[in-house]
Amino acid sequence: NAGVTQTPKFQVLKTGQSMTLQCAQDMNHNSMYWYRQDPGMGLRLIYYSASEGTTDKGEVPNGYNVSRLNKREFSLRLESAAPSQTSVYFCASSIDANTEAFFGQGTRLTVV
Amino acid sequence: GDSVTQMEGPVTLSEEAFLTINCTYTATGYPSLFWYVQYPGEGLQLLLKATKADDKGSNKGFEATYRKETTSFHLEKGSVQVSDSAVYFCALRQLTGGFKTIFGAGTRLFVKA
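Chains as they are written, first to last, in this note's numbering: chain D, 442 to 553; chain X, 53 to 165.
Just chain D, with the same shape it has in the complex (with noise of 0.2 Å):
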């Protein structure tokens, strides 16, 4: 019953530095996503990957790059981090672009 699982779970960097998000699902889903988590704005959709193999800007990819290794795992990387990517950090998935999104527990990422 993993589900979705994201890791590490809490990260504090400091400006310049680089990360990588993993976010691995185990419900043999095709479409992954990621998404920031503001106060006040809800989550909006950084990147995408409809299926193994493709990946696609969403809402707010400025400074942000994915990988989707296999079906399973979607990665999200910080080349230089700012102190404006300081977010909570989703991960999702689903069975295709029309069924609702499973999310992973998120990433707390604070950048100083």
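Honestly, I wouldn't trust all of these hints.
[As the list claims (entries may be wrong)] Below 25 Å or equal to it, Euclidean Cα-Cα: the simulated BS3-like pairs (lysine-lysine) are:
1. X/LYS152 <-> D/LYS498
2. X/LYS152 <-> D/LYS512
3. X/LYS164 <-> X/LYS112
4. X/LYS164 <-> X/LYS129
5. X/LYS120 <-> X/LYS101
6. D/LYS455 <-> D/LYS512
[Said to hold, decoys possible] What follows is a set of in silico ranges between Cβ atoms, one per label pair, in the way DEER data are often shown:
7. D/MET468 <-> X/LEU65: 33 to 39 Å
8. X/PHE70 <-> D/GLU514: 42 to 48 Å
9. D/GLY481 <-> X/GLU121: 41 to 47 Å
[What the hints assert, rightly or not] From chain D, some residues computed to sit far from chain X (all C-beta separations above 12 Å):
10. PRO449
11. SER459
12. GLY494
13. SER508
14. SER516
15. LEU519
16. GLU520
17. SER521
18. SER535
19. LEU550
Since the hints were made in silico from the structure, they are not lab data. Fair warning: this is a prediction, and the values are worked out from it, not measured in the lab. Every residue, glycine too, gets a C-beta built ideally from N, C-alpha and C.
Since the structure of chain D is provided, determine the placement of chain X on it from the hints.
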């Protein structure tokens, strides 16, 4: 563009009180509508959904009806419990170009014993 507007929180209620969280949307066509719940320290969980006008979604005592004429999808529960304390998000997803789920800002609910 498409958008979702929720009532601002926090909403504070006593146990067994009636709950309404208002949600209205702006969208072309006929999107699917969702309510997600986020408990402290956890990710979002789907609470209920409706895919066409006049559909009523329900789960765990919560209900919401898809009202196209008023572009609304208000969340209701007849008798809240302390365990319902959480943040509630209204969301829509278009059936075309459907990778983008639009979320409202969220409404925090506190239920006092």
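To see whether the hints hold, each was checked on the structure:
As the CA atoms of X/LYS152 and D/LYS498 are separated by approximately 10 Å, the hinted pair is consistent with the 25 Å bound. Between X/LYS152 and D/LYS512 the CA atoms are separated by roughly 20 Å; this keeps the pair inside 25 Å, and the hint holds. Restraint check: the Cα-Cα separation between X/LYS164 and X/LYS112 comes to about 19 Å, which is no more than 25 Å; the hinted pair holds. Taken as a hint, the X/LYS164 and X/LYS129 pair is honoured in the structure, with Cα atoms around 15 Å apart against an allowance of 25 Å.
Taking the CA atoms of X/LYS120 and X/LYS101, the gap is about 14 Å. The hint holds against a cut of 25 Å. Restraint check: the Cα-Cα separation between D/LYS455 and D/LYS512 comes to about 32 Å, which exceeds 25 Å; the hinted pair is violated. Between D/MET468 and X/LEU65 the C-beta distance comes to about 35 Å, which sits within the given range of 33 to 39 Å. The hinted range of 42 to 48 Å is satisfied by X/PHE70 and D/GLU514, whose Cβ atoms lie roughly 44 Å apart.
Distance hint check for D/GLY481 and X/GLU121: the Cβ-Cβ separation is about 29 Å, which falls outside the suggested range of 41 to 47 Å. In this structure D/PRO449 is separated from chain X by more than 12 Å, as the shortest Cβ-Cβ distance comes to about 14 Å. In this structure D/SER459 is separated from chain X by more than 12 Å, as the shortest Cβ-Cβ distance comes to about 24 Å. Every C-beta of chain X lies more than 12 Å from that of D/GLY494, the closest at about 15 Å, which supports listing it as non-interface.
With a closest Cβ-Cβ approach of about 18 Å to chain X, D/SER508 is found to remain outside the 12 Å limit, as its non-interface label requires. With a minimum CB-CB distance of about 17 Å to chain X, D/SER516 clears the 12 Å threshold, and the non-interface call stands. With a cut of 12 Å on Cβ distances, D/LEU519 stays outside the contact zone with chain X, its closest approach being about 20 Å. The Cβ of D/GLU520 sits about 24 Å from the closest Cβ of chain X, beyond the 12 Å cut-off, so the non-interface label holds.
D/SER521, annotated as away from the interface, keeps every beta carbon of chain X farther than 12 Å; the closest lies near 27 Å. Residue placement check: D/SER535 does not keep its beta carbon more than 12 Å from all beta carbons of chain X (closest about 9 Å). Listed as a non-interface residue, D/LEU550 keeps its Cβ farther than 12 Å from every Cβ of chain X; the least gap is roughly 15 Å.
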